[in-house]
Amino acid sequence: MGRGEAGDVYRLVFELTARATDVPYERFLDELVEGLAAHYHARACRVHVGKESRAAAAADPEGTVKGLDPANRARFDTIDAMLAEAVRNDGVLRTALDLEGGEEIVNFLARELEISETFAFPLITRGKAFGSITLYLPDGYPFEEADVRGLQAIGNVLYAASNRGDAFGVTGTRPVALSSDKLRAYQATLDRVGKVLDELLFLTDAKTVLLLDSHGDFIAKRGEESMFSSTDFATIVASGFAAARRLAGFYGAEGGQSLLHEGDNEAVLVVPVAARALLCIVYRDHAAPALIARWTETAATRLAEHYHALTEARIL
Amino acid sequence: MKQGVREEKPTVFFAREVHQITLVLGKFLQKSRAETVLLVDSAGHLVARQGHTSPASEDTITALVAGTYAASQAMAQMLGAREFSSLVPCGEGRNLMILRAGDHALLAVTFTDESSDTLIRTYALDVIRRLEGLYARPDATGSPGEKIERKEFDKGIDGALDGVFG
Chain A
1 MGRGEAGDVY RLVFELTARA TDVPYERFLD ELVEGLAAHY HARACRVHVG KESRAAAAAD
61 PEGTVKGLDP ANRARFDTID AMLAEAVRND GVLRTALDLE GGEEIVNFLA RELEISETFA
121 FPLITRGKAF GSITLYLPDG YPFEEADVRG LQAIGNVLYA ASNRGDAFGV TGTRPVALSS
181 DKLRAYQATL DRVGKVLDEL LFLTDAKTVL LLDSHGDFIA KRGEESMFSS TDFATIVASG
241 FAAARRLAGF YGAEGGQSLL HEGDNEAVLV VPVAARALLC IVYRDHAAPA LIARWTETAA
301 TRLAEHYHAL TEARIL
Chain B
1 MKQGVREEKP TVFFAREVHQ ITLVLGKFLQ KSRAETVLLV DSAGHLVARQ GHTSPASEDT
61 ITALVAGTYA ASQAMAQMLG AREFSSLVPC GEGRNLMILR AGDHALLAVT FTDESSDTLI
121 RTYALDVIRR LEGLYARPDA TGSPGEKIER KEFDKGIDGA LDGVFG
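Protein sequence lines, in the order shown, are assigned to chains A and B. My numbering applies: residue 1 is where the first sequence begins, and numbers increase by one. My numbering applies: residue 1 is where the second sequence begins, and numbers increase by one.
Rather than coming from a laboratory, the hints here were simulated on the basis of the structure. Idealized CB from N, CA, C, for every residue including glycine. Errors might be hidden in some of the hints.
Facing chain B, from chain A, some residues (calculated, C-beta under 7 Å) [stated by the list, open to error]:
1. P24
2. F28
3. L93
4. T231
5. F233
6. L247
7. F250
8. Y251
9. A253
10. E254
11. L260
12. H261
13. V268
14. P272
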């Protein structure tokens with residue numbers, strides 16, 4: 001991916017976070033910093049999560065930091081920790097110049113590591129900074145709004161990962177030993193459907209992910225416990241979608257259209273699954289709604305592969 | 001039994017108001033480069049329109065707009081939100097946006113890639129403010145002869161909905 005393509009950060013974020021569900025959290029963090037360092041041609045990239053002064057993951061593609069003598073490496077670590085703390089405290093993007101003794105720090109980074117630009121981005125979820133991503137660049141980079149939003153989207157994924165731990169284990173009751181091969185295959189399909197919903201919930205940090213058939217019958221749900229009946233909610237989602245689909249049809253749509261309901265703080269996205277079921281995701285303010293739509297559509301495509309099981313599935 | 005969309009008391013608009021509303025909608029179309037804008041009362045009756053001709057019976061379109069909106073409001077209520085606006089992609093870069101316009105009406109706007117949903121929303125909010133100003137004017141009354149009576153539409157629209165959903 002060319003470095004000049006700042007807007008392409010969305011693709012990078014998508015590729016990185018799509019892998020998040022397949023690898024352990026620590027390895028995901030390593031892949032994240034390595035991917036970002038490669039995308040921005042950075043000398044180093046570090047991610048901090050929580051109040052730890054030590055970086056949760058660090059990339060040093062050319063071994064520049066590793067090549068420092070111990071005293072200078074310790075100084076670099078201190079600068080990195082100071083940046084992370086400053087960003088976490090007020091949730092604002094910082095550069096090395098913003099730190100106390102900024103000019104001296106900038107000179108040190110330029111002299112020892114040939115770094116001319118340092119950017120520490122806050123990772124914000126639900127209005128609070130909980131960590132940072134710091135990029136140490138050998139020359140200037142034209143950061144765009146897309147870069148900031150893309151990095152913010154990573155924040156949502158990291159927050160979910162650090163707060164949920166083993167997010168992908170299929171939740172629910174312990175599997176019952178099934179004697180029939182047919183039943184075992186059926187159970188395996190249901191588990192795969194549940195895993196797709198778990199992954200979507202994890203990636204988007206959504207409140208709720210709901211699967212229902214197009215007639216409004218509830219199939220499965222993941223996410224927060226709600227005060228309302230999921231069955232009632234499913235019925236309303238399906239009725240709104242039916243009206244919107246017919247409306248879209250009059251204007252030339254040929255099926256497969258999504259429907260987005262947006263409020264001040266929350267949004268509901270409904271995506272059809274194999275024209276017979278609906279995948280509904282309820283999410284709060286998110287830095288990158290376009291990514292949520294893409295993740296949800298990808299999940300809908302994967303669910304469509306299990307459609308025959310969906311028609312009979314009732315998983316809670 | 002709960003009150004449904006079709007059972008709401010019809011909103012009465014006077015001819016003079018409808019003329020002013022049409023002017024406001026026309027200005028909106030010019031600024032936003034939207035294709036069509038419909039003002040629909042919350043029961044699904046068309047109040048005013050500007051732009052391209054609707055691709056189907058207008059009664060059907062407005063009834064479906066009101067239905068989509070009613071579902072989105074029910075969702076908002078369940079989730080504890082104040083209100084939702086809806087965005088329906090219609091294929092080939094065309095979208096339909098549905099927003100609440102005051103307490104008694106909805107605005108349905110179709111637009112293509114030439115415009116953007118943010119732009120449409122911004123201009124639509126301006127239109128909604130202007131419309132609310134019109135509703136609130138103390139002289140917003142008319143003689144009984146000016147009334148646009150809408151009860152006779154009810155039967156027709158109910159029939160159109162039956163035709164759509166079977």
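Does the interface hint hold: is L260 (chain A) within less than 7 Å of chain B, judged Cβ to Cβ?
Holds. Min distance 4 Å.
Interface restraint verdict for Y251 (chain A) against chain B (beta-carbon cut-off 7 Å)
holds (4 Å)
Agreement of hint T231 (chain A) with chain B interface, Cβ distance less than 7 Å:
violated (12 Å)
Holds or violated: the hint that P272 (chain A) contacts chain B, with Cβ atoms closer than 7 Å.
Hint violated; P272 (chain A) Cβ to chain B Cβ min 12 Å, cut 7 Å.
F28 (chain A) was flagged as interface toward chain B. Is the shortest Cβ-Cβ separation under 7 Å?
With a minimum Cβ separation of about 31 Å from chain B (threshold 7 Å), the hint on F28 (chain A) is violated.
Would the hint on F233 (chain A) stand, with a C-beta cut-off of 7 Å toward chain B?
This hint holds: F233 (chain A) lies near chain B, its Cβ roughly 6 Å from the closest one there, short of 7 Å.
Hint validation: L247 (chain A) versus chain B, beta carbon distance must be below 7 Å. Holds or violated?
holds (4 Å)
Please check whether F250 (chain A) passes as an interface residue: C-beta within 7 Å of a C-beta belonging to chain B.
Holds: closest Cβ of chain B sits about 4 Å from F250 (chain A), inside 7 Å.
Have a go at the L93 (chain A) hint: is there a Cβ in chain B nearer than 7 Å to its own Cβ?
Violated, about 23 Å.
Please check whether V268 (chain A) passes as an interface residue: C-beta within 7 Å of a C-beta belonging to chain B.
holds (6 Å)
Can you verify the interface hint for E254 (chain A): is its Cβ closer than 7 Å to any Cβ in chain B?
Holds. Min distance 6 Å.
Does the closest beta carbon of chain B sit nearer than 7 Å to the beta carbon of H261 (chain A)?
The hint holds - H261 (chain A) has a Cβ within 7 Å of chain B, the shortest such distance being about 4 Å.
Comparing the model with each earlier hint shows violations of hints 1, 2, 3, 4, 14; every other hint is respected.
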